[in-house]
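A.B. asks: So the protein lines, in turn, are chains H and U.
Going by the working numbering, the residue at position 14 of the first sequence is 14; the numbering climbs one at a time, nothing skipped.
Counting the second sequence from 1 gives a position; the working numbering is that position plus 139.
Hints were generated in silico from the structure; no laboratory data involved.
This one's a predicted model, so the numbers in the text were calculated from it and none came from an experiment.
One or more of the hints may lead you astray.
Claimed, not checked - Pairs of lysine to aspartate or glutamate, EDC-like flavour, derived with a Cα cap of 20 Å:
#, chain 1, residue 1, chain 2, residue 2
1, U, Lys462, H, Asp75
2, H, Lys91, U, Asp197
3, H, Lys113, H, Glu92
4, H, Lys138, U, Asp197
5, U, Lys453, H, Asp104
6, U, Lys220, H, Asp123
7, H, Lys24, H, Glu92
8, U, Lys462, H, Asp74
9, U, Lys462, H, Asp104
10, H, Lys133, H, Glu72
11, U, Lys462, H, Glu72
12, U, Lys441, H, Glu55
13, H, Lys24, H, Glu55
14, H, Lys138, U, Glu447
15, U, Lys173, U, Asp456
16, U, Lys414, U, Glu307
17, H, Lys24, U, Asp232
18, U, Lys453, H, Asp82
19, U, Lys462, H, Asp123
20, H, Lys133, H, Asp104
21, U, Lys414, U, Glu306
22, U, Lys220, H, Asp15
23, U, Lys453, H, Glu106
24, U, Lys462, H, Asp82
25, U, Lys220, H, Glu125
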Amino acid sequence: MTSYVSLPMFGANVDERLRLIAGKCNGCGQLAYPQRPVCTKCGGDQFEDTPLSGEGSIYTYSMVAGNGAPSEFDDEQTMTGDVLCGVVELKEGPRVMVRLADTDPEQLEIGMKVSAVVRRLYDQEGIVRYGTKFVPQKS
Amino acid sequence: MVGIESYGAALPSLRLPASAYVDAWGACAARGLKQKAFCAYDEDAVTLGVNAARLALDRLPSDVEIGAVFFGVTTPPYEEKPSAATLPTALFDNAVMRVTEITGSPQAGVQALVSAIEFCLAGKGRHALAVAADAPMGPADASYEHALGAAAAAFVVGPNGAVAQFEESFSVTRETFGSRFRRHGEDSLSDLELRTRDNLASTQALGAVLSASKLGKVKHLALGADAGLMRSAAKSLGQPDANMDALWSVIGDAGSASAPFALVAALDAGRAGEKILCAGIGSGATAGLFTAGKELAKRRRKGVKVAELVASGKIVDYVTYLKHRRMLSSRFGGSG
Numbered sequence: 001m002t003s004y005v006s007l008p009m010f011g012a013n014v015d016e017r018l019r020l021i022a023g024k025c026n027g028c029g030q031l032a033y034p035q036r037p038v039c040t041k042c043g044g045d046q047f048e049d050t051p052l053s054g055e056g057s058i059y060t061y062s063m064v065a066g067n068g069a070p071s072e073f074d075d076e077q078t079m080t081g082d083v084l085c086g087v088v089e090l091k092e093g094p095r096v097m098v099r100l101a102d103t104d105p106e107q108l109e110i111g112m113k114v115s116a117v118v119r120r121l122y123d124q125e126g127i128v129r130y131g132t133k134f135v136p137q138k139s
Numbered sequence: 140m141v142g143i144e145s146y147g148a149a150l151p152s153l154r155l156p157a158s159a160y161v162d163a164w165g166a167c168a169a170r171g172l173k174q175k176a177f178c179a180y181d182e183d184a185v186t187l188g189v190n191a192a193r194l195a196l197d198r199l200p201s202d203v204e205i206g207a208v209f210f211g212v213t214t215p216p217y218e219e220k221p222s223a224a225t226l227p228t229a230l231f232d233n234a235v236m237r238v239t240e241i242t243g244s245p246q247a248g249v250q251a252l253v254s255a256i257e258f259c260l261a262g263k264g265r266h267a268l269a270v271a272a273d274a275p276m277g278p279a280d281a282s283y284e285h286a287l288g289a290a291a292a293a294f295v296v297g298p299n300g301a302v303a304q305f306e307e308s309f310s311v312t313r314e315t316f317g318s319r320f321r322r323h324g325e326d327s328l329s330d331l332e333l334r335t336r337d338n339l340a341s342t343q344a345l346g347a348v349l350s351a352s353k354l355g356k357v358k359h360l361a362l363g364a365d366a367g368l369m370r371s372a373a374k375s376l377g378q379p380d381a382n383m384d385a386l387w388s389v390i391g392d393a394g395s396a397s398a399p400f401a402l403v404a405a406l407d408a409g410r411a412g413e414k415i416l417c418a419g420i421g422s423g424a425t426a427g428l429f430t431a432g433k434e435l436a437k438r439r440r441k442g443v444k445v446a447e448l449v450a451s452g453k454i455v456d457y458v459t460y461l462k463h464r465r466m467l468s469s470r471f472g473g474s475g
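Let's have the full structure, built from the sequences with the hints guiding it.
C.D. replies: The following block contains the structure:
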């Protein structure tokens, strides 16, 4: 199984992913992250770039055990074990599917405060794919 | 007066105690090492650099226009395709800036800082970002691998030097043979372990240059030196009473980030008016002399301190370390 993202597609929104830039609908003000061409609330198609804080809380989470992760994560899963994923509700509202890091499954809780960090997502076609993961906030 | 206006540091998320080498190999060859910080599977010099830079930028009292980024790193993921370009992508919405990657020596981090200062000195009102980050690799069966850790430091340099004013830079060069080298295309450091004490010779050469100048009494020496060099460095540099950091023993050898990380620790502890000498040592030396500024205490209130970074992190065992560093990976063959 793979979730292949071509390099042109990866490069097209790398700013948005590394700096967490949402699209704010000019029609109704709803934030979309990741950005979309059409607003899910009002159907508007004009957006303004709006940086997000990178802070949020865990809405839900899941553990991809065994060899269940897409092939680009094969080596990571062999080397480090289970892959933790989740949905984070950002402080500004959008919910986003993310990789979770610097934590163990037994430490995770719904509602746990998390922060965005830049990490290596995977290494494919000789290119390191950097992106955003979420880690528990330091108390 | 041009100097450092803000600073930040980062360590990776994992720690390996020196006792892990004793358990695995019978001894830890890095004498004096207590533990080291090392990169998890998804961390590298670039991600550490971004973290350190974000803290430095966050500590600024107001936004400034960064005109250049200087990235000092010996372990970028690419030999061609500047990793320095990833930093602005992750940090700024402005791409109108000079981006320079400095590599190939443990001096690279301090060279990046000095380059940022010289960029600002060359034009009125300029700001620059200097980032030093490193995660040196070595073969698992090499004794010098035991010390290799990781760290990052970042500095916003600008015209008012509110945190630390730049005074002067010093450089010496010295060709070395057999100690700490990496041929083109290789990921792991080599060291023929000839015991030629090259770093001591470089430190003494720097000390001779310093003694010829009139830099006065230095309060803090930020070297990131190993335990052996620490014993003689202050005397070699003509500053026997200076405070020396002991970071090497708790984070390991962070390559070109060692001295800049030690500078961050000195800024965490320093008081206005105190002089700080930061020197990156290896095949010669590059040093910068600073005087702590009046805004130092105020600007460091926000954000994490070096002591907190050192105390954080998850301690793991030796096999976990090897896996995270890809040293057991047939696909990546130990490469970062």
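A.B. asks: Hint by hint, note whether the structure agrees.
C.D. replies: A quick look at each hint next to the structure:
no.: 1; hint: Lys462/U <-> Asp75/H; result: holds, 10 Å
no.: 2; hint: Lys91/H <-> Asp197/U; result: holds, 18 Å
no.: 3; hint: Lys113/H <-> Glu92/H; result: holds, 14 Å
no.: 4; hint: Lys138/H <-> Asp197/U; result: holds, 17 Å
no.: 5; hint: Lys453/U <-> Asp104/H; result: holds, 11 Å
no.: 6; hint: Lys220/U <-> Asp123/H; result: holds, 15 Å
no.: 7; hint: Lys24/H <-> Glu92/H; result: holds, 11 Å
no.: 8; hint: Lys462/U <-> Asp74/H; result: holds, 13 Å
no.: 9; hint: Lys462/U <-> Asp104/H; result: holds, 17 Å
no.: 10; hint: Lys133/H <-> Glu72/H; result: holds, 16 Å
no.: 11; hint: Lys462/U <-> Glu72/H; result: holds, 17 Å
no.: 12; hint: Lys441/U <-> Glu55/H; result: holds, 17 Å
no.: 13; hint: Lys24/H <-> Glu55/H; result: holds, 18 Å
no.: 14; hint: Lys138/H <-> Glu447/U; result: holds, 11 Å
no.: 15; hint: Lys173/U <-> Asp456/U; result: holds, 14 Å
no.: 16; hint: Lys414/U <-> Glu307/U; result: holds, 11 Å
no.: 17; hint: Lys24/H <-> Asp232/U; result: holds, 17 Å
no.: 18; hint: Lys453/U <-> Asp82/H; result: holds, 17 Å
no.: 19; hint: Lys462/U <-> Asp123/H; result: holds, 16 Å
no.: 20; hint: Lys133/H <-> Asp104/H; result: holds, 14 Å
no.: 21; hint: Lys414/U <-> Glu306/U; result: holds, 9 Å
no.: 22; hint: Lys220/U <-> Asp15/H; result: holds, 17 Å
no.: 23; hint: Lys453/U <-> Glu106/H; result: holds, 15 Å
no.: 24; hint: Lys462/U <-> Asp82/H; result: holds, 13 Å
no.: 25; hint: Lys220/U <-> Glu125/H; result: holds, 14 Å
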